[in-house]
Amino acid sequence: MLIHILRYKFLSYMKTTFDRRPVSIVRGVASLFVFGGFAYAAYVFASESTCFLLDRTRTGLYLFHTFISMMLFVFFVTVNLGNIIVSYSTLYRSMEVSFLLTKPISFTSIFVLKFLDNFFYSSTTLFLGAFMMLLGYGKYFGYPLYYLLGVMLVVLVPFMFLSACLAVLILMAIMKLAGKIGFRMVIAGLFTVYFFFIYIFFNASNPMTLVEKLNSFFPNLDTYLVQSTPEILRYLPNQWVAEFLYYSARGEMIHALPYAGILLCVTAVVFCVCLFVARRFYYRSWLISLQVPSAVQAPVNPTRKHLIDFRSQSIFSSQIEVIMKKEVLIFFREASQWMHLVVMIILTCLFSFSISNLNLHSPVLHMHLITYLVLFAFGGFMVGSLALRFVFPLIGLEGQAFWALRTSPIKENKIFLIKFFLSFLIVFILAEYIAISSNIPFTRITEMRPLLLWFGIFSAFWISLTTVACNLGFGGYFANYFERNPIRAASTQGATLTFLVTVIYLIILVALVFVPISAYFTSVFRFQYFPMKLIILPGLFFAIISFFLSLFGFVIGLRSMRRDF
Amino acid sequence: MIELKNITKKFGNLTAVDNLTLTIPRGEFFGFLGPNGAGKTTTIKMIVGLFTPTAGDIIVNGHDILTHPIEAKQSIGYVPDIPFLYEKLTGREFLYFIGGLFRIPKVVLHERIAELVDHFEIGSWVDKRTEDYSQGMKQRITIAAALLHRPKTIIIDEPLIGLDPRSAKIVRETLQIQSKNDVSILMSTHSLAFAEELCDRIGIMNNGRMVLCDTREQLQIQKARYDGKFESVFLEMTKQVR
Numbered sequence: 001m002l003i004h005i006l007r008y009k010f011l012s013y014m015k016t017t018f019d020r021r022p023v024s025i026v027r028g029v030a031s032l033f034v035f036g037g038f039a040y041a042a043y044v045f046a047s048e049s050t051c052f053l054l055d056r057t058r059t060g061l062y063l064f065h066t067f068i069s070m071m072l073f074v075f076f077v078t079v080n081l082g083n084i085i086v087s088y089s090t091l092y093r094s095m096e097v098s099f100l101l102t103k104p105i106s107f108t109s110i111f112v113l114k115f116l117d118n119f120f121y122s123s124t125t126l127f128l129g130a131f132m133m134l135l136g137y138g139k140y141f142g143y144p145l146y147y148l149l150g151v152m153l154v155v156l157v158p159f160m161f162l163s164a165c166l167a168v169l170i171l172m173a174i175m176k177l178a179g180k181i182g183f184r185m186v187i188a189g190l191f192t193v194y195f196f197f198i199y200i201f202f203n204a205s206n207p208m209t210l211v212e213k214l215n216s217f218f219p220n221l222d223t224y225l226v227q228s229t230p231e232i233l234r235y236l237p238n239q240w241v242a243e244f245l246y247y248s249a250r251g252e253m254i255h256a257l258p259y260a261g262i263l264l265c266v267t268a269v270v271f272c273v274c275l276f277v278a279r280r281f282y283y284r285s286w287l288i289s290l291q292v293p294s295a296v297q298a299p300v301n302p303t304r305k306h307l308i309d310f311r312s313q314s315i316f317s318s319q320i321e322v323i324m325k326k327e328v329l330i331f332f333r334e335a336s337q338w339m340h341l342v343v344m345i346i347l348t349c350l351f352s353f354s355i356s357n358l359n360l361h362s363p364v365l366h367m368h369l370i371t372y373l374v375l376f377a378f379g380g381f382m383v384g385s386l387a388l389r390f391v392f393p394l395i396g397l398e399g400q401a402f403w404a405l406r407t408s409p410i411k412e413n414k415i416f417l418i419k420f421f422l423s424f425l426i427v428f429i430l431a432e433y434i435a436i437s438s439n440i441p442f443t444r445i446t447e448m449r450p451l452l453l454w455f456g457i458f459s460a461f462w463i464s465l466t467t468v469a470c471n472l473g474f475g476g477y478f479a480n481y482f483e484r485n486p487i488r489a490a491s492t493q494g495a496t497l498t499f500l501v502t503v504i505y506l507i508i509l510v511a512l513v514f515v516p517i518s519a520y521f522t523s524v525f526r527f528q529y530f531p532m533k534l535i536i537l538p539g540l541f542f543a544i545i546s547f548f549l550s551l552f553g554f555v556i557g558l559r560s561m562r563r564d565f
Numbered sequence: 566m567i568e569l570k571n572i573t574k575k576f577g578n579l580t581a582v583d584n585l586t587l588t589i590p591r592g593e594f595f596g597f598l599g600p601n602g603a604g605k606t607t608t609i610k611m612i613v614g615l616f617t618p619t620a621g622d623i624i625v626n627g628h629d630i631l632t633h634p635i636e637a638k639q640s641i642g643y644v645p646d647i648p649f650l651y652e653k654l655t656g657r658e659f660l661y662f663i664g665g666l667f668r669i670p671k672v673v674l675h676e677r678i679a680e681l682v683d684h685f686e687i688g689s690w691v692d693k694r695t696e697d698y699s700q701g702m703k704q705r706i707t708i709a710a711a712l713l714h715r716p717k718t719i720i721i722d723e724p725l726i727g728l729d730p731r732s733a734k735i736v737r738e739t740l741q742i743q744s745k746n747d748v749s750i751l752m753s754t755h756s757l758a759f760a761e762e763l764c765d766r767i768g769i770m771n772n773g774r775m776v777l778c779d780t781r782e783q784l785q786i787q788k789a790r791y792d793g794k795f796e797s798v799f800l801e802m803t804k805q806v807r
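Chains as they are written, first to last, in my numbering: chain A, 1 to 565; chain B, 566 to 807.
Please keep in mind that the hints were generated in silico from the structure rather than gathered at the bench.
The C-beta atom is built at its ideal place from N, Cα and C for all residues, glycine as well.
Errors might be hidden in some of the hints.
Pairs of lysine-lysine residues, derived as DSSO-like cross-links and limited to a Cα-Cα distance of at most 30 Å, are as follows [said to hold, decoys possible]: (1) K788/B with K414/A; (2) K671/B with K411/A; (3) K788/B with K734/B; (4) K693/B with K176/A.
Listed next, with one range per pair, are the computed distances between beta-carbon atoms [to be verified]: (5) K176/A with H755/B: 44 to 50 Å; (6) L128/A with T632/B: 44 to 50 Å; (7) N413/A with D683/B: 33 to 39 Å; (8) D646/B with L2/A: 35 to 41 Å; (9) R444/A with T617/B: 54 to 60 Å; (10) T617/B with I508/A: 33 to 39 Å; (11) F196/A with H755/B: 54 to 60 Å; (12) T617/B with G142/A: 27 to 33 Å; (13) V673/B with I315/A: 16 to 22 Å.
If you only want the chain B side, here are some residues facing chain A, beta carbon under 8 Å, derived [said to hold, decoys possible]: (14) V613; (15) G614; (16) T617; (17) K638; (18) Q639; (19) Y643; (20) E658; (21) F667; (22) K671; (23) V673; (24) R677; (25) Y791.
Construct the entire structure; sequences and hints are all you get.
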């Protein structure tokens, strides 16, 4: 039965993927180009980093793999969190599940079907990224391609699969708990646990402490890494992968293979546990999930006036007023939207607060430059992620109810602009907050010369403008009006493509600011005069690139709003 | 008043609507019939601005929907075939939302919503979120929303889907009242009896073309040619399948 359904799902996938219509072909070629660029960038990054760390900084092989282990841990958590979020919609909110449940198919088969659907759906880009990084890493050691393919299939795919299995187990545990103590309690509990972990995480690996220690240990970073490796990591799957790679690099396969064996066995056991739990509990937890909307929804009191109420007068024109109110109300009535936003705002605040207290002791010029560029890129990355998660789905989330707007006497431009300004306002405030906080430490070392601060404010404006315009525009172009889940909408192929465009844009920006910022730090350290034209010209290019990319986002978005619906 | 002048809509190689010309004068109740895939919904979607025609002109109450969409849409009340609503809004909020889009002043809007809530007997659940509504409840909300701005033209696609007999009666009476008030109505339906009972003129589409367009009186002559049943006329006119 499972094979039968999978066959039809595969046929359907092939038909939609290899659509021969001109628009689809153009879209496919564009995707191929961008994904190809991303894959190549991942390959070059891995290859260059390996070379740099092992040859130039002479980081030892073991320390290098410890570093890989840390990265794999982050990767494991990312896959895990991604799967928890996406599997809620695939396992519990999918129409396909409702359909299959009415057919004589076992619950376990439905679970396996949707689990695989979820795993491959949410991990495709990660597969590509992981494999290209592996290729880049393998190039340094001169591994043949077939060996790297083997490592991918036997080590990295099970590693990701294990993470996904744990994710659905956690999700089913949450549903079980919700059935016993209620959704409100579970949500409150989850928030508490989440913030507890954030607190622990920031206490243990505060970026402020990390950068300060790196500064004080520089250039002996390997010494620092030796000291910073926690013992508990040895019992985690990321460490098994790292140990496998380490012993392989030393040519000691006899020591490497047991780690791959442990990983495969544990993955198989956890998958079996998943099947066992699903067999006993999936259908029951699906029934519990039906109560979610009413359980988290506050009762409506028609006589009471709310802060945002359609009945109240407004300073805006009636069209602007009702669209803004609709956007805000729908956003705050969707638990997955506001909760995620709150979490992201808190994370942003914690990050910014930590960074603003950073003390840069190092007398080494390059450390300041690298720290500045890393913070600049990371700030941009955060803004891009925010825009992707909340702005990209905005047009698609109109859903099938979009007819109401499209048949009303309102220009499409107006609808687009209202959505743009609402999202821009939020992203812009957060971007400015990040920019100002991450520039405070540099303002301290440059004896309160505010140039970097002003440049940060300027950059934050253009980055937020561009990311919001691109995400809204591309979101309109790739809109799937049948997708009601914002998280799924923000993880589609179109969303990935948009994010890759954002990443390429950020890389260009980092390359643009590299020379002027480097010259600026040199002038500060050598007490030299810094000619302003050095930063004005790249700033101008910065603004021009951002402007044209934003314009492109606007044009593509507006055109998508006029498409047949 | 609706004027369709040689409109054509193509989706790739498929011609969904083929050179259709039709005029619905003020106050006329026009019934739009045809089998599935005949092109009724496509025609309706072009009139309300959801589809752009491949060729031809659409004039609604003197305004071209392509060149003056805002003015044209201001005079249309549209009820889609499937009444999708914003699930996180209540029915009342949806009515206020639509009222705002049609620039109805707040004071007038409060009164009209109260009237429509009363008329459609939706007061007991209008303040619940629409995600909890049945198909019939959603249908009543969309019909109420279409009437909010007192349109000169009503375009309604399959009005009876999901309605219980009492709701169907309310909708039928509402449409009759609107027609008497000089509002032109274009109604697409699969219910031959409903069309025959309400419409001044009936058009049957098949394969994107209008294969019959007669007044109620002319239709009696057509029926007499067969066995006196409208169903036989319909089946004969639509037997050629694409």
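Status of each hint after checking the structure:
no.: 1; hint: K788/B with K414/A; in the structure: 51 Å, violated
no.: 2; hint: K671/B with K411/A; in the structure: 21 Å, holds
no.: 3; hint: K788/B with K734/B; in the structure: 26 Å, holds
no.: 4; hint: K693/B with K176/A; in the structure: 28 Å, holds
no.: 5; hint: K176/A with H755/B: 44 to 50 Å; in the structure: 46 Å, holds
no.: 6; hint: L128/A with T632/B: 44 to 50 Å; in the structure: 47 Å, holds
no.: 7; hint: N413/A with D683/B: 33 to 39 Å; in the structure: 37 Å, holds
no.: 8; hint: D646/B with L2/A: 35 to 41 Å; in the structure: 36 Å, holds
no.: 9; hint: R444/A with T617/B: 54 to 60 Å; in the structure: 59 Å, holds
no.: 10; hint: T617/B with I508/A: 33 to 39 Å; in the structure: 37 Å, holds
no.: 11; hint: F196/A with H755/B: 54 to 60 Å; in the structure: 59 Å, holds
no.: 12; hint: T617/B with G142/A: 27 to 33 Å; in the structure: 58 Å, violated
no.: 13; hint: V673/B with I315/A: 16 to 22 Å; in the structure: 19 Å, holds
no.: 14; hint: V613; in the structure: 5 Å, holds
no.: 15; hint: G614; in the structure: 6 Å, holds
no.: 16; hint: T617; in the structure: 6 Å, holds
no.: 17; hint: K638; in the structure: 4 Å, holds
no.: 18; hint: Q639; in the structure: 4 Å, holds
no.: 19; hint: Y643; in the structure: 5 Å, holds
no.: 20; hint: E658; in the structure: 5 Å, holds
no.: 21; hint: F667; in the structure: 6 Å, holds
no.: 22; hint: K671; in the structure: 6 Å, holds
no.: 23; hint: V673; in the structure: 11 Å, violated
no.: 24; hint: R677; in the structure: 13 Å, violated
no.: 25; hint: Y791; in the structure: 38 Å, violated
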